[in-house]
Amino acid sequence: MAKRTMSAVLGTMLLAASLLSSGATGAATNTAQADPLNSPMWDYNRQIFLGQMPWQFDARVQVSAPPFAEDPTQVPITVDASALGSEIDKVIAWADFNPIQHIFTWYPGDKVKPRVSLRIKVQQATPVRAAVLTRDGVWHVGGVQLEAAGGGCTAPSTGNADPYWESHLGEVASRRFGSEGSSRYRFKVIHPMDTGLVNNIPEFFLEQLELRDSAGEAVVKMQLYPPVSENPVFTFDLSNSTGQHQLWLRDNSGNEFEQAL
Amino acid sequence: MSKFGRGTGFAITALVAGMSVAGMSWAGVTDKDILNDQMTTDDVVSNGLGPKGQRFSPLKRVNTDTVKDLRPVWSFSFGGEKQRGQESQPMVKDGVMYVTGSYSRVFAIDVKTGDELWQYDARLPDGIMPCCDVINRGVALFGDLVIFGSLDAKLIALNAKTGKVVWKKKVADYKAGYSLTAAPLLVNGKVITGVSGGEFGVVGKVEAYDAKTGKLAWSRPTVEGHMGYIWKDGKKTENGISGGAPGKTWPGDLWKTGGAAPWLGGTYDPDVNLLFFGTGNPAPWNSHLRPGDNLFSSSRLAINPDTGKIVWHFQTTPNDGWDYDGVNEVVSFDYKANGKTIKAAGTADRNGFFYVLNRENGEFIRGFPFVDEITWAKGLDKNGRPIYSEAHRPGNPAASANGKKGTSIRAVPSFLGGKNWMPVSYSKDSGLFYVPSNEWAMDIWNEPVSYKKGAAYLGAGFTIKSLNEDYIGVLRAIDPKTGEEKWRYKNYAPLWGGVLSTAGNLVFMGNPEGYLMAFDAKTGEMKYKFNTGSGIVGSPITWEMGGEQYISVVSGWGGAVPLWGGEVAKRIKHLNQGGSVWTFKLPES
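Chains A and B are the protein sequences, given in the same order.
According to this note's numbering, the first sequence is numbered sequentially starting from 20.
According to this note's numbering, the second sequence is numbered sequentially starting from 6.
Isolated chain A (complex conformation) (with noise of 0.2 Å):
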């Protein structure tokens, strides 16, 4: 822990040199950045999700899962940028040993605290890793290394043997609890969030989710990706604890489910 914070410092001191020295985009030097879990993915993934944008290693972005993923395909992940404050415009989360990296995309705008939990996928021991754009427009990135025996991704889902997902498809249970001055969801959604990494069984994932306040605003604004396990669970937390809310899921069938909380 301490060596990853000191090279987010480091990795903090070096952008703010590049950007005195001269206002380029600071990605060139954040490359001095070593990964603090040493992936090969590292550099790949960092493009692809961050592009040409300053970012830095951040200890303040935590990303915790259980040491073992004892089920590849329903490991509990939670990521935390209660830290960073408020002024944070979106998170981004992959694993970087997964065949589909990306987990999710979320605007938490600033009724709902920094802070999501959920279960995901993995095919493989894999740093979890998550970004986090402030509106400085800068990345700040955590991670975890998941041990795992693997599987996860090309496991056909449970639902592709039993029929019950066709009949429930959607179907929302949740659980409202209160916590010092906030409010706490959980709810768990029936649906078979299939890779199409499976022989036969085509990619069919919920892809969309909003947590709509009694207004009709989504106070949480979340895209999903197949390494988003099967029937999963969310947990936000909601800065505004007072009224009624609106879940607002929709898959890449076009399927779309709405429940009130």
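Among these hints, one or two may not hold up.
Derived pair list, reagent style DSBU-like, types lysine-lysine, alpha-carbon separation capped at 30 Å [what the hints assert, rightly or not]:
#1 A:207 - B:175
#2 A:240 - B:169
#3 B:175 - A:240
Have a look at the derived ranges for each label pair, beta carbon to beta carbon [unchecked claim]:
#4 A:192 - B:461: 34 to 40 Å
#5 B:309 - A:263: 42 to 48 Å
#6 A:254 - B:193: 45 to 51 Å
#7 A:190 - B:363: 51 to 57 Å
#8 B:408 - A:267: 53 to 59 Å
Calculated from the structure, these hints are not laboratory results.
Built from N, CA and C at the ideal position, the CB exists for glycine as well.
Could you slot chain B onto chain A? The hints should help.
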């Protein structure tokens, strides 16, 4: 959706907006493009090469002299293990081909290179119940949308550039046996579809949806007694009971599960502003359970596209007892008689008769057999109603000793029909209909049956027999004015693909043996054949690009024949499955 589906993960709207297919301009398909499709040779934007369904092209660069040099330019594989019957007709617009595959898949292909641009795979529930293979017959195009019907009875509109779902509507409940296999029809901004499911006691219907939004515009049941609806300003309004009232031509409650599924889709003629949809068999197959004409089963319906009302109907097989669906395409054509232009429609029925109707009012002009043998009827009366041969109707099981099986009889044609789904072509140049037909018989008997949701509702057993050792399929050139057969081509296996005729004096069609074939339209002489590697059960198209004429056809053996083949199975069991689209042109001179 693959390929473009997952980008670098920004907002979907941005993803879609940022996507462009290199080097292609997209004008969007308009109602006018669709109405003029037959004459605009640089695209194919309707099923049937024009809403009249004539499947005739004025192109003639490929003709009886040059066709011998026809060469494949590219072949595109649908991939996967889902190589079942491929009955699609491709569409082409602005350099992109849109074609469907088995299992509700859609592909967009660069026609210059054969490269895939995108692919959409519907995630189908395991519980789908298509009676006769997991096929699809093609898309409709409108604006920047690609619209098709899925096997779980949904209408799905995809963005033509990205393959992303724009809207999706449930047309009917797949768990009750409904599915969609036909290409939707696009008329005046509405997408019009029927439903499949006549083997499961569904209630057939034709529905119109706003093509841009997917909002339901009207719904017209095709079984007498069911209420139709129209939506005005979002309000659902009663729009008249089909046939006026229940029970006029059905006994008891049987109209509630009457079938009559318009599963093959329809055609449209702007001259008379009518949609023409054929309807399937009444349910169940056992006709003794439903004395009466059983309207509007085994019929042709003319429906006003604006109001959703039935303007006229013509029933080809009243009280059908042989599974003679009347779904076959109604092809509008004009001809001169006594100096007058007759607005006619030609249609070749599963029951073995070819009908010429007045398409303005549905009046019977003439009818004649287009197959060599018909046993179930002795002929047609002056109104076109069959004169039944009662000895060739399967016997009533209630009259049998144990009440379990009625007398088995031999009927010709078989239930798969003198002609099945495969569409005919009408050539303006020759004035002939080119009819893909089959010569086969069946043994059929009736059994007691009762309706159960989602279960086969037949009340019949059957098996197919061939009539000739050397052929089943016959492609016929027929003069609709006289009923005269001008020529025939005989095929060993049953024919199951559509026909295309061109101003190059050619008739194209494929066979289950895998060949794309071209015939002299006047003499029937075979001028060309090329083996595509699997059986052809789709419909060929032709268009031009850069001054060259192209011909495309899908290849992939399947459909109803291998599932229901009976004694015929031995003629086809060696045919291998496939899933590809082939494109041909002449070598550059």
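Structure-based check of all given hints:
Between residue 207 (chain A) and residue 175 (chain B), the direct Cα distance comes to roughly 25 Å. Compliance with the 30 Å bound is thereby established for this hinted pair. Restraint check: the Cα-Cα separation between residue 240 (chain A) and residue 169 (chain B) comes to about 19 Å, which is no more than 30 Å; the hinted pair holds. Between residue 175 (chain B) and residue 240 (chain A), the direct Cα distance comes to roughly 26 Å. Compliance with the 30 Å bound is thereby established for this hinted pair. Separated by about 36 Å at the C-beta atoms, residue 192 (chain A) and residue 461 (chain B) satisfy the suggested range of 34 to 40 Å.
In this structure, residue 309 (chain B) and residue 263 (chain A) meet the distance hint of 42 to 48 Å, their C-beta atoms being roughly 46 Å apart. The given range of 45 to 51 Å is respected by residue 254 (chain A) and residue 193 (chain B), whose C-beta atoms sit roughly 50 Å from each other. Taking the beta carbon of each, residue 190 (chain A) and residue 363 (chain B) are about 54 Å apart, inside 51 to 57 Å as hinted. A hinted range of 53 to 59 Å holds for the C-beta pair residue 408 (chain B) and residue 267 (chain A), which are about 56 Å apart.
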